[in-house]
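Could you build all of it, start to finish, from the sequences and the hints given here?
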Amino acid sequence: MKKVIVVSGIIFFLLIAAIAAFVLTFNVDRYRPLLCTKLESVLGNPVQLDSVKLGFRGGIALELKGLRLYPGSTQKSRPYFQLKALSARLKLEPLLRREIKVGSVLLDEPVFSLVRQGDGGVEPLDGYKGYSGNISNTSHPKNNSNKPLAVSQAASLSLFVDEIKIRNGIVSFIDYSSKTPAPITMDRIDIDLADVSLMQPIQAKGKAAFYSTEQNVNAEVEIVLKLAEKMVVLRNLNVKSDLKSLSLETLAERFLPVEKMSLRDPVEGVLTIAAKEIQIPFSEKADFNLLGHLADGKIVSNLIQSPFKHVTADFTIDPQQIHLSRFSGDFSRGLVHGEGRFFYSAKEPSVAIDLAAENIDMSTLLPPFPENAPQLKGGLSVSVRGIASLAENATMGQAFDGQGVISLRDGVLTNFNLLKEVFSKLSIIPGVVDTLKSRLTPEYEQKLSARDTVFLPVEWPFTLNQGTFSFKDVRLETDSLELIGSGFFSTNLYLQLTSILFIDPELSLAMIKSVNELQTLTDTTGRLKIPVKIQGQVPRVKVVPDVSSVATALVVTKAQDLIGNFLKKTLEKEGIIQKQAQGTAQS
0 MKKVIVVSGI IFFLLIAAIA AFVLTFNVDR YRPLLCTKLE SVLGNPVQLD
50 SVKLGFRGGI ALELKGLRLY PGSTQKSRPY FQLKALSARL KLEPLLRREI
100 KVGSVLLDEP VFSLVRQGDG GVEPLDGYKG YSGNISNTSH PKNNSNKPLA
150 VSQAASLSLF VDEIKIRNGI VSFIDYSSKT PAPITMDRID IDLADVSLMQ
200 PIQAKGKAAF YSTEQNVNAE VEIVLKLAEK MVVLRNLNVK SDLKSLSLET
250 LAERFLPVEK MSLRDPVEGV LTIAAKEIQI PFSEKADFNL LGHLADGKIV
300 SNLIQSPFKH VTADFTIDPQ QIHLSRFSGD FSRGLVHGEG RFFYSAKEPS
350 VAIDLAAENI DMSTLLPPFP ENAPQLKGGL SVSVRGIASL AENATMGQAF
400 DGQGVISLRD GVLTNFNLLK EVFSKLSIIP GVVDTLKSRL TPEYEQKLSA
450 RDTVFLPVEW PFTLNQGTFS FKDVRLETDS LELIGSGFFS TNLYLQLTSI
500 LFIDPELSLA MIKSVNELQT LTDTTGRLKI PVKIQGQVPR VKVVPDVSSV
550 ATALVVTKAQ DLIGNFLKKT LEKEGIIQKQ AQGTAQS
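Each residue of the sequence shown is one higher than the one before, counting from 0 in numbering that gives the first Met the number 0.
Source of the hints: derived by calculation from the structure; they are not laboratory data. There could be a bad hint or two in this list.
Straight-line C-alpha distance at most 27 Å; calculated DSS-like pairs for lysine-lysine [stated by the list, open to error]:
#: 1; residue 1: Lys528; residue 2: Lys419
#: 2; residue 1: Lys164; residue 2: Lys204
#: 3; residue 1: Lys424; residue 2: Lys275
#: 4; residue 1: Lys206; residue 2: Lys275
#: 5; residue 1: Lys308; residue 2: Lys275
#: 6; residue 1: Lys37; residue 2: Lys225
#: 7; residue 1: Lys376; residue 2: Lys541
#: 8; residue 1: Lys164; residue 2: Lys52
#: 9; residue 1: Lys239; residue 2: Lys308
#: 10; residue 1: Lys204; residue 2: Lys243
#: 11; residue 1: Lys532; residue 2: Lys471
Listed below in structure tokens is the structure:
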């Protein structure tokens, strides 16, 4: 028995040595053109391969270098797949059991380029303008069987691979279905697949860099190859990314919606995307529904000064849109929440939002003000519903249309006393200021000496057209004044408001006693009405009571009184003369 074992060992050793000698001396590279032809017949695309080598390292080692696959029928276009090197090691022992078992496969620096066509289908990238995406009509040999050649051959193999490793890969994608196509790239891709077989699910783990100098995306998925059904199934997909290393500046250069929203670094948060199952047919568009969640996010935009903090969001992604079902975050000492939809697959992408902001500190929204300049402060609340186009020729603010309601609580206009401003403008009416000062109560004297103007709570409906807020029936009240008017506020921070200022009855009465002619400028409640114009570029907004029109009205009233008195005296005088004439005639 011992001799049998020794003889068997010697025979096995000699067999291995013979195979090793054959492998080491065999020039497989001379069969490279034949290998390319076979690959082209299977793939239906031109194939280029720089070199093929065989070696012996614990099994038969195969090495391919410089593999390139081209779309179309020639090698003149840009390759949609490139591979620097591929190495694989075939185990010898399983061959005795009629099994093909590969110890390990390494794909070094693969580059895969895809394009989304106008019909929504994803195809290999072609460098030529006007590429249709149809790569099946080639001049290469066709398979006349009912099944594709790759499928029919693969299904009959009993193939096992211990592990497949992909290192430093790149995937680039261009969406030509969009009006403004731009490349999106993911690089530094490392993927590990364990226990690979055509007969069982494949476990895959990977890391990649998405617009970052370091790997910031981690993914896990189970891959099922259903060759008979001509599809690949992804199960239990889980993708996680730390957004801290994401470069929005670089992303905005390639991705128009990010540029239009004026997002800037740094962005923070942990983003997860998951799906229970995604079916990817070989020859049809994939239908998918991804579930996403953002936790502890931070978003900064050039459109506003204050960042969004502690952002949480839930969303779904399908082939047509991203549906933001829930969004909330702290913003400018207040809270912002809402939902929205991003229609990214349309030729002109757009965003629809239903947003509410509660108790936002206005001082953090507006640009810095000069020292001692008037500034509006308070708790601002806004609810808005609308849609914004992300077309190339429109900014995010200018393209927004919608409607909503704005309210202000604890509103204060610092460094500006509106009552005092009105009072000072009355100086154009001779004698009115001095007389009025002598009639003011201590309460109003204190109001005139205040530095700021305090407003009562207000609520204004508005419409939004191409980024311009339009207001009707605006009401702004203090304890002694009320402003009613209409106007607009544009995205370039220009404010214009035409209004009437109503002065409370007590102060109006004191003013009327000073100048009786002011009686003609009162309403039915005894309040004086003074036109006021508010206009200018924030923060250089001017509040100008139009007292000149009041003075004009007073002059007209005074003139009417003078003319009336003159006519009255004239008529009375004529009446006396007529009576005297009648008396003389009678006598």
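### Task
Would you check the hint for Lys239 and Lys308, treating anything up to 27 Å between C-alpha atoms as holding?
With Cα atoms ~20 Å apart, Lys239 and Lys308 stay inside 27 Å; holds.
### Message
Need the status of pair Lys528, Lys419: alpha-carbon distance at most 27 Å?
### Response
Since the Cα atoms of Lys528 and Lys419 sit roughly 16 Å apart, the hinted pair holds (cutoff 27 Å).
#### Entry: Agreement of Lys206 and Lys275 with the hint, judged by alpha carbon distance not exceeding 27 Å
The hint holds at about 20 Å.
### Task
For the pair supplied as a hint, Lys164 and Lys204, confirm whether the alpha-carbon distance does not exceed 27 Å.
The hint holds at about 10 Å.
### Query
Is it true that the CA of Lys376 sits at most 27 Å from the CA of Lys541?
Satisfied, since the Cα-Cα distance of roughly 16 Å is no more than 27 Å.
### Task
Measure nothing beyond the straight line between the CA atoms of Lys308 and Lys275; if it is 27 Å or shorter, mark the hint as holding.
violated (30 Å)
### Query
Do the alpha carbons of Lys532 and Lys471 lie within 27 Å of each other, as the hint requires?
Given that 27 Å is the threshold and the Cα spacing comes to 15 Å, the pair holds.
### Query
Is Lys37 close enough to Lys225, meaning Cα to Cα at most 27 Å?
holds (23 Å)
### Task
Starting from Lys424, check that the Cα of Lys275 is at most 27 Å away, please.
violated (71 Å)
### Query
Are the Cα atoms of Lys204 and Lys243 separated by 27 Å or less?
Judged against 27 Å, a Cα distance of about 22 Å means the pair holds.
### Query
Can the restraint linking Lys164 and Lys52 be considered satisfied, given a maximum Cα separation of 27 Å?
holds (19 Å)
Checked against the numbered hints listed earlier, the structure breaks hints 3, 5; every other hint is satisfied.
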